[in-house]
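Number of protein chains: 2
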Amino acid sequence: MIDLPAPKPDVLARRGEILAGLHALVPGDGVIGEPARLRPYETDGLSAYRQPPLAVVLPRTTEQVAAVLAFCHRNGVRVVPRGAGTSLSGGALPLEDSVVLGLMRMNRILEVDYANRLAVVEAGVTNLGITNHVAADGFFYAPDPSSQLACMIGGNVNMNSGGAHCLKYGVTANNLLGLKAVTIEGEIIEIGGRHLDAAGYDWLGLLTGSEGQLVVVTEVTVRILHSPEGQRAMLAAFRSNEVAGEAVDAIIASGIIPVALEFMDRPAIHACEAFAHAGYPLDAEAMLIIEVEGSTEEQDMLLGRLKAICERFDPISLKVAETAEQSLAIWKGRKGAFGAVGRISPDYLCMDGTIPTGQLPFVLRRIGEMSASYGLQVANIFHAGDGNLHPLIMFDANDSKSFHDAEQFGADILTLCVEVGGCLTGEHGVGVEKRDLMPVQFTPFELDQMRALKAAFDPGWLLNPAKVFPLEGNPALRPAA
Amino acid sequence: MIDLPAPKPDVLARRGEILAGLHALVPGDGVIGEPARLRPYETDGLSAYRQPPLAVVLPRTTEQVAAVLAFCHRNGVRVVPRGAGTSLSGGALPLEDSVVLGLMRMNRILEVDYANRLAVVEAGVTNLGITNHVAADGFFYAPDPSSQLACMIGGNVNMNSGGAHCLKYGVTANNLLGLKAVTIEGEIIEIGGRHLDAAGYDWLGLLTGSEGQLVVVTEVTVRILHSPEGQRAMLAAFRSNEVAGEAVDAIIASGIIPVALEFMDRPAIHACEAFAHAGYPLDAEAMLIIEVEGSTEEQDMLLGRLKAICERFDPISLKVAETAEQSLAIWKGRKGAFGAVGRISPDYLCMDGTIPTGQLPFVLRRIGEMSASYGLQVANIFHAGDGNLHPLIMFDANDSKSFHDAEQFGADILTLCVEVGGCLTGEHGVGVEKRDLMPVQFTPFELDQMRALKAAFDPGWLLNPAKVFPLEGNPALRPAA
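Chains as they are written, first to last, in UniProt numbering: chain A, 1 to 481; chain B, 1 to 481.
Treat the hints loosely; a few may be bogus.
Same chains, same label: a pair holds when it works inside one copy or across any pair of copies.
[Unchecked claim] No more than 25 Å apart at the CA atoms, straight line, and that leaves these computed lysine to any residue pairs for SDA-like:
#	residue 1	residue 2
1	307	294
2	307	229
3	307	138
4	168	256
5	168	294
6	168	150
7	307	115
8	401	47
9	307	225
10	401	368
11	307	137
12	168	144
13	168	249
14	332	15
15	307	114
16	168	254
Calculated from the structure, these hints are not laboratory results.
Computed from a predicted model, the values in this text were never measured in an experiment.
Make a model of the complete structure from these sequences and hints.
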């Protein structure tokens with residue numbers, strides 16, 4: 001389990017007063033205090049950890065957010081911002097003495113400007129909601145986390161979310177133009193805007209991926225792109241992870257940037273096929289799903305070149321979709337992967353690390369060895385083009401040794417990612433899940449320097465504390481006894 | 001002229017001792033103190049302002065940089081980092097009591113890794129030097145500032161430099177994977193690496209574009225890309241800026257992202273044609289240079305579609321290059337634009353602002369009105385696809401009223417950029433040139449917040465002070481009396 005900092009006794013003691021103060025700022029049904037109604041907020045997508053908050057507040061405007069933050073700041077109350085609560089790293093895990101600041105009621109699309117290819121939306125608009133709003137006019141918002149139906153753009157900004165199609169279009173940071181946000185003092189700031197670049201320091205860059213620790217994002221200006229005429233996928237199955245990894249390298253080296261380039265290993269193929277009956281090759285050790293887009297002629301040309309590249313690696317099977325329906329069939333198993341693994345294992349941890357793409361075969365072999373040594377199954381599914389791994393470690397939550405082993409196995413995988421020149425996280429963030437691994441990646445000086453950045457925004461460590469940094473060594477956050 | 005902070009009398013008094021201390025750290029010819037040899041370092045690409053430094057130090061290793069910074073930190077000596085000195089905003093302007101830390105001797109290419117598409121280079125490697133090193137193997141480094149023959153990657157990182165081809169490939173920030181850098185205390189930090197994304201705060205994002213004020217960058221890991229099979233340009237001339245602006249909008253809205261989309265107005269066309277005899281249409285009010293790349297078939301397809309789009313806007317002339325030579329001829333005038341303007345005016349200021357692309361016609365009309373009212377000619381050349389303006393304001397440096405008017409005209413243009421929802425700078429940075437305009441873009445609170453970020457790295461304001469922020473309101477930097 002996870003250590004959380006000791007709650008502030010004075011905040012717990014003044015709970016009634018704090019609830020009343022919040023009610024005055026966000027009237028009506030904007031404040032939740034009843035324990036039963038707090039339960040939905042006690043965890044997020046990383047459901048392994050649970051902690052009900054002191055209260056939940058659901059503002060409807062940036063001004064209300066500012067008032068709530070100024071109030072919490074004056075009263076020394078910790079604040080945990082929350083979008084849809086889909087974080088896979090515990091980024092929205094509450095503390096006992098914290099107010100959860102939910103942005104889900106700020107769900108208006110404020111402006112769409114096709115001439116400048118941008119949309120201004122509130123933080124609680126869902127990722128897919130942006131695309132749905134502009135799709136009829138031939139536009140879309142590119143980053144596509146698997147949770148895109150539910151997850152909200154404010155959370156995407158805070159976690160710098162990615163997705164299968166980020167190989168071509170980049171992650172959230174590459175698709176942002178501006179933010180409106182509120183500091184812990186309740187000051188409203190506007191960053192970036194409708195233009196390239198920014199004067200002064202790039203705090204749009206800094207705030208993107210800052211996991212709700214520096215400011216609360218209330219409005220986001222995103223780049224929208226013209227929709228491609230169409231897209232089509234192909235499936236290539238290989239005899240070994242090594243050979244599939246070489247095929248990935250050859251594709252990237254060819255200069256073709258597919259929209260998506262997904263890798264599944266044997267356990268992942270079997271789990272997905274049993275669940276989705278997508279026609280995946282059960283005799284393969286590894287499988288790639290490769291998607292291209294453009295006009296029909298461009299698709300034909302690119303798929304032809306990709307097929308020729310894959311053929312050099314003696315594939316077990318190659319299937320190029322001829323139609324949109326065949327393309328969906330290829331994707332069907334991959335899209336249901338998490339559900340598929342959930343069916344064969346009572347519980348699983350979804351890890352998220354990044355490696356240089358050239359290290360793929362080595363890292364997969366090491367994960368296989370670890371799997372044998374821990375006696376825990378693992379299915380590997382990942383965005384191969386940009387080296388973003390998602391090993392799914394299967395365990396039994398009713399068996400505390402199994403859970404502990406799975407946590408340790410996950411930590412070993414992420415440490416391996418760092419050792420081969422990669423990174424602890426690809427798109428899920430550090431949250432509480434990976435905060436104790438940060439010293440694997442960073443020196444004490446580097447961690448201190450990052451803490452100084454945190455303190456430059458929030459000297460009292462009130463905003464989403466207990467995330468990103470280990471509790472030890474942080475004088476502002478003593479672990480609970 | 002520009003105000004600089006009062007020099008520290010104790011530093012000036014200890015000049016001999018400081019030179020001796022630096023000599024001990026960077027022996028041989030690594031320290032320059034003689035006034036005549038300091039002259040080349042007294043200004044940069046913004047030659048309007050000049051100030052010789054206390055000394056210049058030219059380290060060869062990251063460890064020497066660390067030793068120099070620790071020494072300067074202990075002795076309270078200000079430090080101005082410098083690459084090739086091509087900054088157009090005075091980013092490398094020395095102070096009287098400062099040490100210029102020149103990175104130009106750190107010019108080794110440390111590693112090229114084609115499997116992972118990256119190169120690790122020292123800060124003093126030139127931008128074009130990277131591409132030249134990998135070109136024979138079919139790769140290139142994408143951002144291409146006009147000064148790419150001279151400018152160094154460390155400076156590119158600090159200014160988040162762009163270039164004509166950044167419409168497709170993004171600016172420096174989009175092509176970086178990692179940095180090695182040194183803090184003012186002399187601590188060596190490593191950021192990012194060989195992988196997508198980063199754990200913890202995105203200080204790769206924060207440091208990119210921080211204008212030498214947060215750390216000194218000594219090594220850079222850049223993304224290298226597979227070279228396209230070829231590229232070809234077309235030229236389209238129109239009856240008015242408005243119509244050319246509409247053509248730009250139509251191209252962007254079509255979903256085609258050309259590699260480059262350059263806009264020149266009538267004065268720019270005439271200046272370039274007189275200089276380069278590139279065959280530009282002298283009867284046009286505005287001209288676009290549009291470049292695409294890919295296989296010959298892709299080039300044909302894209303140029304065909306672009307030609308059809310331009311034809312909807314009743315062009316005066318359309319010329320599609322059939323060969324690489326014809327393509328070079330189209331670019332010839334544009335590439336020599338600065339020299340061309342220099343031939344018709346004794347002096348000019350090159351401004352750099354960004355606007356939402358939809359505001360192009362309005363902004364050009366207002367610049368024309370300002371030009372008439374100031375009585376100063378202006379030529380407009382810019383990266384139209386991403387809204388990055390480069391008005392060249394012509395003046396006579398021997399006439400102080402003319403210089404003052406040109407400065408004021410430039411400030412008016414940049415204020416206009418902010419008013420229409422744009423930004424003070426596109427790719428040249430704030431430096432000293434635009435620091436006093438920062439309050440046009442940012443609130444006092446926002447500027448204070450950015451100063452807090454500066455102080456989180458450099459509480460004594462020793463690293464490249466007097467840049468980015470107005471001197472007023474900065475207690476660490478009193479203007480000289």
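Hints versus structure:
Within a single copy, residue 307 and residue 294 get their C-alpha atoms as close as 17 Å, and across copies as close as 19 Å, so both meet the 25 Å cut-off. In this assembly of identical chains, the alpha carbons of residue 307 and residue 229 lie at most 25 Å apart whether taken from the same copy (21 Å) or from different copies (19 Å). In this assembly of identical chains, residue 307 and residue 138 lie within 25 Å of each other by CA distance solely across copies; the values are 22 Å between and 29 Å within a copy. Taking the closest pair of Cα atoms, residue 168 and residue 256 come within 25 Å of each other both inside a single copy (10 Å) and across two copies (14 Å).
Within a single copy, residue 168 and residue 294 get their C-alpha atoms as close as 12 Å, and across copies as close as 16 Å, so both meet the 25 Å cut-off. With identical chains, the CA atoms of residue 168 and residue 150 are at most 25 Å apart within one copy only, with a shortest distance of 23 Å there and 31 Å across copies. In the homo-oligomer, the alpha carbons of residue 307 and residue 115 lie at most 25 Å apart only across protomers (20 Å), although the nearest pairing inside one protomer, at 37 Å, exceeds that limit. In this assembly of identical chains, residue 401 and residue 47 lie within 25 Å of each other by CA distance solely inside one copy; the values are 18 Å within and 69 Å between copies.
Taking the shortest Cα distances, residue 307 and residue 225 sit within 25 Å of each other only across copies (22 Å), while inside one copy they are farther apart (28 Å). In the homo-oligomer, the alpha carbons of residue 401 and residue 368 lie at most 25 Å apart inside one protomer (20 Å), although the nearest pairing across protomers, at 74 Å, exceeds that limit. Taking CA atoms no more than 25 Å apart as the test, residue 307 paired with residue 137 passes between copies only; the shortest distance there is 23 Å, against 33 Å inside one copy. Within a single copy, residue 168 and residue 144 get their C-alpha atoms as close as 12 Å, and across copies as close as 21 Å, so both meet the 25 Å cut-off.
Proximity of residue 168 and residue 249 under a CA criterion of 25 Å is satisfied in both settings, with 16 Å inside one chain copy and 23 Å between copies. In this assembly of identical chains, the alpha carbons of residue 332 and residue 15 never lie at most 25 Å apart, being 48 Å within a copy and 71 Å across copies at closest. In this homomeric assembly, residue 307 and residue 114 come within 25 Å of each other (Cα to Cα) only across copies, at 22 Å, whereas the closest approach inside a single copy is 36 Å. Proximity of residue 168 to residue 254 under the C-alpha cut-off of 25 Å is found in both arrangements, the shortest distances being 14 Å within a copy and 18 Å between copies.
In the structure shown, a violation is registered for the earlier hint numbered 14 alone.
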